[in-house]
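Each protein sequence line maps, in turn, to chains A and B.
For the first sequence, counting from 1, position 9 maps to 9 in our numbering; every step adds exactly one.
Position in the second sequence (from 1) plus 1000 gives the number in our numbering.
If you are wondering where the hints come from, they were derived from the structure by calculation, not from laboratory data.
Please note that a few of the clues may not be correct.
[As the list claims (entries may be wrong)] Each pair of labels, with its calculated beta carbon distance range:
| hint | chain 1 | residue 1 | chain 2 | residue 2 | range |
| --- | --- | --- | --- | --- | --- |
| 1 | B | 1082 | A | 24 | 35 to 45 Å |
| 2 | B | 1155 | A | 8 | 35 to 45 Å |
| 3 | B | 1117 | A | 37 | 20 to 30 Å |
| 4 | A | 12 | B | 1051 | 30 to 40 Å |
All values derive from a computational prediction rather than experimental measurement.
Built from N, CA and C at the ideal position, the CB exists for glycine as well.
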Amino acid sequence: MHLLKLEAPPEPAWEPDWGWRVIDPDGHVVNAGPRTLLVATLELGEALGIDESQVPLLDGTRRER
Amino acid sequence: MAAIDQTLVSLILNALLPTGAAGIPGTALGTPMGTTAVRIRLNSTASTASAAGTEIPTQTSGYTTAVGGGWTSLGASTASSAGSAVGVPLTTQSLVSIGGVVASPGIVSLDIQSNGGVRGWFGNFNGQPIAVASGNTFQVTGGSGAAAGIQVSLT
Chain A
1 MHLLKLEAPP EPAWEPDWGW RVIDPDGHVV NAGPRTLLVA TLELGEALGI DESQVPLLDG
61 TRRER
Chain B
1001 MAAIDQTLVS LILNALLPTG AAGIPGTALG TPMGTTAVRI RLNSTASTAS AAGTEIPTQT
1061 SGYTTAVGGG WTSLGASTAS SAGSAVGVPL TTQSLVSIGG VVASPGIVSL DIQSNGGVRG
1121 WFGNFNGQPI AVASGNTFQV TGGSGAAAGI QVSLT
């Protein structure tokens, strides 16, 4: 007995603004979303309990809060 | 106003993300993320600064839990330069859903961690929760720099 080999459908193309997507077994995109942004901010003075508005910058000015 | 020089921003990003050969972290600041390939952990709840979310279970294919599991072959990200973001992954990552929590509530967050499980970065997926029904495939696009599906920056 010969069984037909079922080949997986070709993957659809990515849209430029997608960061992720969900594809069903037939190769259809059922959901997609934009890129995920992980943004960390270093506030070293704040972490150390320093009032950075009181610390003069190299140009003589003080940081605005 | 950023409080850190852009060169230092890049040093930190490159040391904590898979910018070295084969996805191994850079070594500019020592090796806080280990010396083997970085991996991505997927969670069905949100991660916080103190703890990772609840990791999704092993899937039909493409994702295995436990240390050394998750998405492991991320590829070498383009290194940060002049404070630019690092894009992760270089290589598109995929899993085929087994259903369960991946179908509902869905995939919520991710952690970028060392191969041994030390967390470096975390965040919710844009558009979470992402429901992936049993048999469906979830993918995060790979690419160089800004083309990658996850963009990590430090200001």
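Tested hints:
no.	hint	verdict
1	B/1082 - A/24: 35 to 45 Å	holds, 42 Å
2	B/1155 - A/8: 35 to 45 Å	holds, 42 Å
3	B/1117 - A/37: 20 to 30 Å	holds, 24 Å
4	A/12 - B/1051: 30 to 40 Å	holds, 36 Å
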